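Protein chains in written order, with the working numbering: chain Y, 6 to 300; chain C, 4 to 301; chain R, 2 to 274.
Some hints here could point you the wrong way.
[What the hints assert, rightly or not] Sample of chain C residues at the chain R side, in silico, Cβ under 8 Å: (1) Gly36; (2) Lys44; (3) Ala261; (4) Lys269; (5) Gly278.
For the record, the hints were derived by calculation from the structure and aren't laboratory data.
Predicted, not measured: the structure shown is a model, and the values here were computed from it.
From the three backbone atoms N, C-alpha and C, an ideal C-beta is built for every residue, glycine too.
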Amino acid sequence: MNSVFGKLTPYNTIIHRLDPRVKIISLIALMVMCFLPYGNYANRFIILGGLFLIILFIMLLGRVSFLSFLKSLRHIWFMMVFLVIIFALIPQAGDTSTKHVMIAFENGYTIYWEGVLQTLHISFRLGLMLSLTLILTSTTSPMDLTYAFEWFLSPLRLIKFPTQIISMTLSLALRFIPTLLSEANKIMKAQKSRGVDYQRGFLGKKIKSVTTLIVPLLVSCFSRSDELSLAMNARGYEPYEKRTSYNILIFGLKDVVAIFVVLILVGGFSTLCYFTNNVEGFDDMINMIFGVATF
Amino acid sequence: MQIKCENIKYIYNPKDPNSYYALDDISLEIEKGDFVAIVGKTGSGKSTLIQTFNGLILPTSGYSQVEYFYITSDKKLFKSKIKNLSKQEQIDNKKQYMLRKKVGMVFQFPEYQLFAETVLKDVMFGPRNFKVPEEEAKELSKKALSEVGISEEYYEKSPFELSGGEKRRVAIAGILASNPDILILDEPTAGLDPDGKKDLIKLIKEIHESGKTVILVTHDMDVVMECASKVVVLNDAKLMKICTPEELFNGDDFETFALEIPTFYKFKKMLIEKGYKKDISSINDFDSLMGVLGEKHE
Amino acid sequence: MSKAIEVKNLCFSYEKDVQKIKNISFSVEKGEYVTLIGHNGSGKSTLSKLLCYLLEADSGEIYLNGIKVCEENSAKIRKIIGIVFQNPDNQFIGSTVENDIAFGLENRRVPREEMKELVLKYAQKVGMEKYLKKAPDELSGGQKQRVAIAGILSLNNEIVIFDEATSMLDPEGVEDIKRLIRETKREHPDLTFISITHDIEEAYMSDRVIILNKGEIYKDGKPEEVFKDKDEIRKIGLDIPFVLKVKNALKTKTLQIPDEIKNIDELSDFLCK
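Please model the entire structure based on the sequences and the hints provided.
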């Protein structure tokens, strides 16, 4: 599948072997770190830059290709352009006296540094989030994600919520995605041979062409699910009965270490966040080290 | 010559590290009115080859040609080929549906393409797409349905109410209704019972006798033996040989192509290998062979 | 001792007026290899689903090992009888080969350690041990059917039904699965084996052939007897096995071939003697 979120890579690195639950929690923790306010823009870029280096290191560990990261960035390109328009070109509301002019047009239209920096900042955050998700999806099989998902839902069992049915449904859906994609491809070819043009045509015609794909696909979906339920039944599946599980998630030493590392990172970045916002003179210190002007 | 392939190659997933040749340097010619069987094991490139004939797949290099239509992804080659055609033919070459009208393609399990509310509407779908006038489309569709043996009482039924065999015949009628000059069928007998298979083979033979060129992709060597006048053997994306069914079955290289040979030929071959005392190598039908085998007792 | 399968006056219909199974009675001994033939719509698959309690009979009774097939016994029935279906894709439940083999074991609440051993053992039995981590879309149809067979065998059922398990495969896959079926049969002589098929050559090799036609038993007996009257067989649109064709043709020329000869290999040996 070609999507923003990449595809499991066939390696067996330490990141691949981590417990998916640990990976999901770490992902969320690091994402929060991306969204903490780190004082002024200069600080923000420096600290997020640091975070980026750390993420890059994790990518290296998990053999996530940098190329696929760049490719997935392509998908948010449109969003970035959109943000530029919103933050940079739309006149800034409120008090503009404290802002720094970047370009002032003669008709009174002004682009401020703050607007541009804010766009860059948001894009930077998005990029970081994207790289984190990419690490998760390219080192974790969808099935492992479902097992983790089931585990996170498990407290709901206390209120008699059928979590195992949900995760069974989810795993069957994942199992059948490639099958249905190849089926859709076959149907499309058959209809093309009957003169359907899926590319061209106006709206009405397009809807008609899509029907020629969707209807057969649904019909086959239903017949498949019929047969599937028979097969499951024949092998003794009872949705509400207890089953044992072939796959178990093992929380090992490496997972403890991973959690520990993530905790340190969270602690570190929270402290930085606190310092940049509450300790006077901290900004100046950073500025002195890196020699950047304050905005 | 009606269909021609010249040195066609097709690379699957060209940008992927797992790219491979699905077709590797294939050249062949098919005459009008031929009944050609394309055989080879799964993954040998059979389906890819036939899809170049109606432009669903464009060869990476080389070209397929169907009458005056040229099919290739090599733009330079395409331009140089259509240069000498008439104006109208050049325009036709740029419209995919003109080619697809000429070359009817019946895919494996064609019943999965049915979608319309009624049988008649589904069959009319093709001709309508090919811009056949409404009345004519209806006539052609009714004719196609009667050819495949679907009677009038079915016209207004939903295609999804029919039995498996009936669905398949309706789907084939959907292709015949566009009145193609060339009919390509990919594993048409797959999943049918012996009776259904016999009916379908009879139908395909009738279609061939009505003057159409028929190309059949199949694993079923009994069908090849019964119908085809010419066999194209593919293996690992390469063209192995073009011959008559008898030549193929009497030859000793079919095992290398992982083909399953009709029981009759397997039996004959075993007898020869085990040193049967009479010469039976030129016998190609069951009754004559039985005649020879029974002789000594008469 | 009770019979493996006992069917008494079984009737079933999907719709009100169309009776799919018309008053069928038969029984199968333990360890018997029965092929069930007949063309599409003759009720073969319906019968197999009734046997596994995937459909409920309108009237009549089925006993498996003396246990009545009905709602309250459904869990017991599942432990006696297993079925391999036609479509390799639609019975592949797990996300990988090992998960699919394990699926039935999970339902039986087999402990994980034991399950691991069983999965490996049966994967080896069907020759799929190198593919344990593979997803179904990376496998051929024949390989998927092997996995399905491993999944059924791992449950250690006494009766196994193959419902046209080879009809959607290419010739290589067909040969592959047929070979596997023969091996399984040899290794487990106690296994009662019902094969629903269009392959008359396979039927000819089995212990017993039941021909269904329009929901009724048309013929039932040893292959030699069932296929004896070729006109009657042809009348309902079936063919007779090649070896038998040769035997019949040579009989008219007064060359008698012994009944034990069942395949072309033995036949050609005999003729070249």
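Against the structure, the hints:
{"no.": "1", "hint": "Gly36", "in the structure": "29 Å, violated"}
{"no.": "2", "hint": "Lys44", "in the structure": "6 Å, holds"}
{"no.": "3", "hint": "Ala261", "in the structure": "6 Å, holds"}
{"no.": "4", "hint": "Lys269", "in the structure": "6 Å, holds"}
{"no.": "5", "hint": "Gly278", "in the structure": "6 Å, holds"}
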